[in-house]
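Protein chains: 2
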Amino acid sequence: MQFSNKILNTPSSFIRNILKVTDSPNVISFAGGLPNPISFPIDALQEAINNSIAHEGAKLFQYSTTQGYLPLREMIAAKYRKNFGLDIDASDVFITTGSQQALEILGKVFLNKGDGVVMEAPGYLGAIQAFTLAEPEFYPVTLEEDGLNVAQLEETLKNNPNIKFIYTVPNFQNPTGITYSREKRDAIYEVVKNYDVALIEDDPYGELRFSGEALPYIGAGRLQNSVLLGSFSKTVTPGFRLGYIVTKNKEILSHVETAKQATDLHTNIFAQMTIAEYLTHNAYEEHVNKIIELYNTQATAMLNAIEKHFPKEVHYTKPQGGMFIWATLPEGISALELFEESMAADVAFVPGDPFYTHPNNVNTLRLNYTNATEEIIEEGIQRLGNIMKQFIEKKQKATVEA
Amino acid sequence: MQFSNKILNTPSSFIRNILKVTDSPNVISFAGGLPNPISFPIDALQEAINNSIAHEGAKLFQYSTTQGYLPLREMIAAKYRKNFGLDIDASDVFITTGSQQALEILGKVFLNKGDGVVMEAPGYLGAIQAFTLAEPEFYPVTLEEDGLNVAQLEETLKNNPNIKFIYTVPNFQNPTGITYSREKRDAIYEVVKNYDVALIEDDPYGELRFSGEALPYIGAGRLQNSVLLGSFSKTVTPGFRLGYIVTKNKEILSHVETAKQATDLHTNIFAQMTIAEYLTHNAYEEHVNKIIELYNTQATAMLNAIEKHFPKEVHYTKPQGGMFIWATLPEGISALELFEESMAADVAFVPGDPFYTHPNNVNTLRLNYTNATEEIIEEGIQRLGNIMKQFIEKKQKATVEA
Numbered sequence: 001m002q003f004s005n006k007i008l009n010t011p012s013s014f015i016r017n018i019l020k021v022t023d024s025p026n027v028i029s030f031a032g033g034l035p036n037p038i039s040f041p042i043d044a045l046q047e048a049i050n051n052s053i054a055h056e057g058a059k060l061f062q063y064s065t066t067q068g069y070l071p072l073r074e075m076i077a078a079k080y081r082k083n084f085g086l087d088i089d090a091s092d093v094f095i096t097t098g099s100q101q102a103l104e105i106l107g108k109v110f111l112n113k114g115d116g117v118v119m120e121a122p123g124y125l126g127a128i129q130a131f132t133l134a135e136p137e138f139y140p141v142t143l144e145e146d147g148l149n150v151a152q153l154e155e156t157l158k159n160n161p162n163i164k165f166i167y168t169v170p171n172f173q174n175p176t177g178i179t180y181s182r183e184k185r186d187a188i189y190e191v192v193k194n195y196d197v198a199l200i201e202d203d204p205y206g207e208l209r210f211s212g213e214a215l216p217y218i219g220a221g222r223l224q225n226s227v228l229l230g231s232f233s234k235t236v237t238p239g240f241r242l243g244y245i246v247t248k249n250k251e252i253l254s255h256v257e258t259a260k261q262a263t264d265l266h267t268n269i270f271a272q273m274t275i276a277e278y279l280t281h282n283a284y285e286e287h288v289n290k291i292i293e294l295y296n297t298q299a300t301a302m303l304n305a306i307e308k309h310f311p312k313e314v315h316y317t318k319p320q321g322g323m324f325i326w327a328t329l330p331e332g333i334s335a336l337e338l339f340e341e342s343m344a345a346d347v348a349f350v351p352g353d354p355f356y357t358h359p360n361n362v363n364t365l366r367l368n369y370t371n372a373t374e375e376i377i378e379e380g381i382q383r384l385g386n387i388m389k390q391f392i393e394k395k396q397k398a399t400v401e402a
Numbered sequence: 001m002q003f004s005n006k007i008l009n010t011p012s013s014f015i016r017n018i019l020k021v022t023d024s025p026n027v028i029s030f031a032g033g034l035p036n037p038i039s040f041p042i043d044a045l046q047e048a049i050n051n052s053i054a055h056e057g058a059k060l061f062q063y064s065t066t067q068g069y070l071p072l073r074e075m076i077a078a079k080y081r082k083n084f085g086l087d088i089d090a091s092d093v094f095i096t097t098g099s100q101q102a103l104e105i106l107g108k109v110f111l112n113k114g115d116g117v118v119m120e121a122p123g124y125l126g127a128i129q130a131f132t133l134a135e136p137e138f139y140p141v142t143l144e145e146d147g148l149n150v151a152q153l154e155e156t157l158k159n160n161p162n163i164k165f166i167y168t169v170p171n172f173q174n175p176t177g178i179t180y181s182r183e184k185r186d187a188i189y190e191v192v193k194n195y196d197v198a199l200i201e202d203d204p205y206g207e208l209r210f211s212g213e214a215l216p217y218i219g220a221g222r223l224q225n226s227v228l229l230g231s232f233s234k235t236v237t238p239g240f241r242l243g244y245i246v247t248k249n250k251e252i253l254s255h256v257e258t259a260k261q262a263t264d265l266h267t268n269i270f271a272q273m274t275i276a277e278y279l280t281h282n283a284y285e286e287h288v289n290k291i292i293e294l295y296n297t298q299a300t301a302m303l304n305a306i307e308k309h310f311p312k313e314v315h316y317t318k319p320q321g322g323m324f325i326w327a328t329l330p331e332g333i334s335a336l337e338l339f340e341e342s343m344a345a346d347v348a349f350v351p352g353d354p355f356y357t358h359p360n361n362v363n364t365l366r367l368n369y370t371n372a373t374e375e376i377i378e379e380g381i382q383r384l385g386n387i388m389k390q391f392i393e394k395k396q397k398a399t400v401e402a
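Residue numbers (UniProt numbering), protein chains in the order written: chain E, 1 to 402; chain A, 1 to 402.
No false leads were slipped in.
25 angstroms max Cα-Cα, derived DMTMM-like pairs, lysine to aspartate or glutamate:
{"no.": "1", "chain 1": "E", "residue 1": "6", "chain 2": "A", "residue 2": "135"}
{"no.": "2", "chain 1": "A", "residue 1": "113", "chain 2": "E", "residue 2": "135"}
{"no.": "3", "chain 1": "A", "residue 1": "312", "chain 2": "A", "residue 2": "340"}
{"no.": "4", "chain 1": "A", "residue 1": "113", "chain 2": "E", "residue 2": "115"}
{"no.": "5", "chain 1": "A", "residue 1": "59", "chain 2": "E", "residue 2": "285"}
{"no.": "6", "chain 1": "A", "residue 1": "113", "chain 2": "E", "residue 2": "257"}
{"no.": "7", "chain 1": "A", "residue 1": "6", "chain 2": "E", "residue 2": "257"}
{"no.": "8", "chain 1": "E", "residue 1": "113", "chain 2": "A", "residue 2": "137"}
{"no.": "9", "chain 1": "A", "residue 1": "290", "chain 2": "E", "residue 2": "56"}
No wet-lab data here; the hints were simulated from the structure.
I would like the entire structure built from these sequences, with the hints used as guidance.
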């Protein structure tokens, strides 16, 4: 059998592959990207399920509409009106099978083979995978501590009229944990508004802010081709696979609807009705605050441990929310090689390579803090810090000798 | 904004669009394709949910594996071993977000733009949509009362080396309700085995047989590139969006896994665990037998009503299972035009056009019988029969006069 070029060129998930190794009970793993399971509101969901079945009966189990359950879309719209003053109603919201599906559908809707996509470098691995299926040309733009490099973004847009959209994660980005500053958001808006491209703002972590102030979106509410993505995976449950697209652009939504029909008809309606019922009768914000408190404790523990145990020449981000810290080793030190050493000592992280569209044995790595206790974090980071010290010393000695 | 050619060329679902008209409470609709909601085992599913949450807790709500929940895959494999003597184990089974997703993923995995797909004519609309996203060349092969026209299939395969796969629904096909005969199955196998193509057998209705004997698959168990699709949508619940791919070809499965990761990471694990729990503790076959009994009654009512009320020159299929009857009007009589007349009299069906890759104002139409009582079926078919008689008479008169 011959297979398609698009599938032969799509990377399988490096993370899902290494999780097979890092999942061993002996390993202290900072490699995952899972929400902490103690954050799932299981009892409240059980109650929401019981109530939904009692009130809606067979409707939870039947085929349903492609755009998604109207009351759920209304609740999502209301959240953006309240929290961001955005002029959004239910007709601007489209429910997807997790926001991964939103990415894949947007790739299909916008991209012919060879069309351009601007990606943060480093950027979200799942987005790289999803867009690769549409065989685009990727244009990486450097992600700085406060967001995309604006001059580079402008240059890229100016020189490449094949670009169809820009993909960003403006809050507590995966993999870096960085948040775009207000100034950068405005500067990016000022550039993007001059081009006929869509701006995708993927925001699965935005509600999980434990310090600093919430910021307005880059494009949502002011760019005609703004597309905002959200998810219930990090705040309620990822197992239900519920994400959504928000856009005022009805032409985009109409194509999204056709793509969704062809892709999986509609999103699990049981899950949609259950979450709508959950949101109606539970204090969602209180629940999210508990997750924030938990992750803040864990992030603080990891940052303190890094400060104590990492070699001083290793730089790292200080997230204001979300799930990740990004570390940068000295120039020329391979994170992939460090990973080998580290796994030998039963500590896992994700080497930076899969987060780049054009990887080249990079010196960066991702650390997740949401799935370990403070004690385990201290122990794992200490171990990792020692391995780093030995490894960097060995490498630098080898360089001097060469 | 410019959109992709693949989305601009993908038909939005004619059926989903006409359902907006046909859903009015005044209309007797044979247009849908929904399982009868009284067939959903709601109490047993509620119990399965409660037990799953009690035993598995957070696992139902967390991210999960791309291939699907192992115990569910084992149960599916066991069913094919038991019912068909196929040498299938859990590693040959891959869970998808409904079998619509299986179609879309297989399109992605196999097809470069311009690659060939053999489709039944008429064929399943959702498959036409799903494959269209990969921009193939469609090669329709006539579907006869006992399956594909074999000579035409062979000719098509011989003349078109770009063909990657053949798509069939061998049991109670959608839209026609026809079932491939044993002889046709063997004859098709004898042709297909000589070509380097995959044979996709999509079998969502196979368990819903109310007459005749179950037949072995065309390719499953004997073709190297056999791909079998199944679903829980017609036997337990469509709202959960649970389908699956069965193939012994590990190369196909490995590409399916990459595509699935990129498409939606994994299928809703809550739904998978619940269905596995349901299958463990409930008499699934008894439940399916109840659906069969119900649909048999409804099919019989519709066939009897058609016999009584349709003009004699209208031909129709007599399904041995599944959900549909296919009617053929006299040559030159447009089903689309009949649909207008019929809707004016508040009876709905699906004109045949969307079921062809190259539609041309056809004289065929689909009738669904699973969502109406015997009385409503009698009333609706009588009404439709009268409209047909008047319409055919009017058309034939106009032809004679012209």
